[in-house]
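S.K.: Listed here are the chains, written in short residue letters.
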Amino acid sequence: MEKFTQLTGIAAPLPMMNVDTDMIIPKQFLKTIRREGLGRNLFDEMRYEDDGKENPDFVLNRPAYREAKILVSGENFGCGSSREHAPWALLDFGIRCVIAPSYADIFYNNCFKNGILPIVLPQEDVDKLMEDAERGANATVTVDLEKQEITGPDGGSIHFDIDPFRKHCLLNGLDDIGLTLERAATIDTFEAEAAQARPWV
Amino acid sequence: MTAPRTLYDKIWDAHLVHEAEDGTSLLYIDRHLVHEVTSPQAFEGLRMAGRKVRAPEKTIAVPDHNVPTTDDRETGISNEESRIQVEALDRNARETGIHYYPVNDVRQGIVHIIGPEQGWTLPGMTIVCGDSHTATHGAFGALAHGIGTSEVEHVLATQTLIQKKSRNMKVEITGQLRPGVTAKDITLSVIGKTGTAGGTGHVIEYCGEAIRALSMEGRMTVCNMAIEGGARAGLIAPDETTFEYVRGRPHAPKGAQWEAAMEWWKTLYSDDDAHWDKVVTIAGEDIAPVVTWGTSPEDVLPIDGVVPDPASFSGGKVAAAKRSLEYMGLTPGTRLQDIAIDTVFIGSCTNGRIEDLRAAAAVMRGRKVKEGLRAMVVPGSGLVREQAEAEGLADVFRSAGFEWRRAGCSMCLAMNPDQLSPGERCAATSNRNFEGRQGRGGRTHLMSPAMAAAAAITGRLTDVREFLDPTGARTEAA
Ligand code: SF4
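Protein chains in written order, with numbering that gives the first Met the number 0: chain F, 0 to 200; chain S, 0 to 477.
Because the hints were derived from the structure by calculation, they are not lab data. Note that the structure is a prediction, hence the values are computed from the model and not measured. The C-beta atom is built at its ideal place from N, Cα and C for all residues, glycine as well. Among the hints, erroneous ones may be present.
What the hints assert, rightly or not - So the derived label-pair ranges between C-beta atoms look like this:
id : chain 1 : residue 1 : chain 2 : residue 2 : range
1  : F       : A193      : S       : D271      : 26 to 32 Å
2  : F       : A194      : S       : G147      : 26 to 32 Å
3  : F       : R165      : S       : G328      : 25 to 31 Å
4  : F       : A193      : S       : G96       : 18 to 24 Å
5  : S       : G440      : F       : F57       : 33 to 39 Å
6  : F       : G93       : S       : E86       : 26 to 32 Å
7  : F       : N108      : S       : P3        : 35 to 41 Å
8  : S       : K277      : F       : A194      : 34 to 40 Å
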């Protein structure tokens, strides 16, 4: 998993409540054999017309936001199914940070497994960042995980909270596998002893 | 002296690599089984992180969910997404050097059938697979879990799984089964009694005289559906029946290794005064041949029953039963034996083994599939298929009017072309009767292979005992 330390980029505004995982990535794209490649279909139904053409009004299709790295949105972001395809699609598009007042549980957890930082902020702070984000290409936002601080385009900063263990994992790029591999020596020892005790396995 | 332990405790202890203060544990995995649907992203994840498969020699892969079961399947898979998933598995297996049984290998079959068949599944092991019916392998006294795609990747990379320990539940089936009653009837009846959440948070150990009397095939049928009862896994302590089945299998230990293994395997049972968090006891004599009437595996009734009235349930089940009956197109009070069917499916990891085919063929021999019915037998593996052909079972099925298919999951979950159409009603030997499971709008009644054969003959849900004499021997066709 890629480390998350500091991120500077364009923030795209998506001022909606209850953005669900079906909106993020509809079910017809779950048959894929890969984690990548889903970015093209991120927000598929809002992003494309029935004939497959881009909907020019959707935020991620507007020239200012095509390179967005941060998404600012409303309450209960990521509700719906448990599909890990939702964070996979965000990541593949290039979004590594979501800022919202609240999230659905499973989506929230899935983000951390995939190196995405979901930031929870009070509604007023989200509203302020939403306004900043509306300013398009000028709206560069910096997220510093170490300092737990968001710096807006005008230089003002906002503090955010995060669970220390999750922070540690993101800062160091540790996923479950990474953490388990920290115990590689213990696994080696166990394996060697097991091979003695149960050589037929 | 150590405290008395259950079989689950013993296997757990033998595989515990590390335990944190909060009980989060790292468990060593002896066998990792892999199929084409839940593994592509896991292999891809490894590749992206520059990691290797830690123990390719303990990893076994086979395509089963997507593969066609028609005779022309060597010419390729026409559904593009299915073909790509199978090709991805081919490539991942080749690149990582794991054991692999491709579609055209006679040993190919449903992952939970070929593991035991090839001797990969042994008593006392920890076994995982990105598939909930991994519980099947518990029949050997192995701790077998289903896992998700992220965990598949975790096991590929580390040969361990992060787990918290489950509680111990004992399901005892006392006495003997009556004629016409099989392992499938046991496992369905248990779920009918405990419900689909009855085993939640537990590992179930099945025991008792009726379980001891089962063959390995029957024990696998019982453990296969532990997951439908909500349990993390199902277990049966190994005994002579187990050792006989395992002995001589391609990957079973041989010679001195066999002796060493046996010494340990013989210690794999729950101690007399071990602690059980939950106990369920059912008398074998009380179990009847059963079928499901609804869209949950707990919707189980003896074949001589009637479709229940939703009002007879309580709580949320009232609405659920109403919805079930609507979906199933059934009216309360209808005799189960009056429900006409369109299709018969014999197969799946629950009932696609040789003994299942023997049981169905014993009922079919000399009889015909009812006019107008679609009936298919899908052996669980290429080797089961070969053996059934050698024993003349294939001829029995073919001359009765069954389609005789190639091995795979087939109509159990309808990811390949074998599907029900909306409203089509199926007597199935598989394990899930969920809405749409066998195809959009399809209606599934779960039952044993012998019951499915009986239904094929009459074209309706049927009590197999109509075709048996009081001792359980088959009556001759008229
Ligand atoms: S036969 Fe059915 S339940 Fe068994 S592994 Fe295949 S799809 Fe799953």
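S.K.: Hint compliance check: list the failing hint numbers for this structure, sorted ascending.
M.R.: 3
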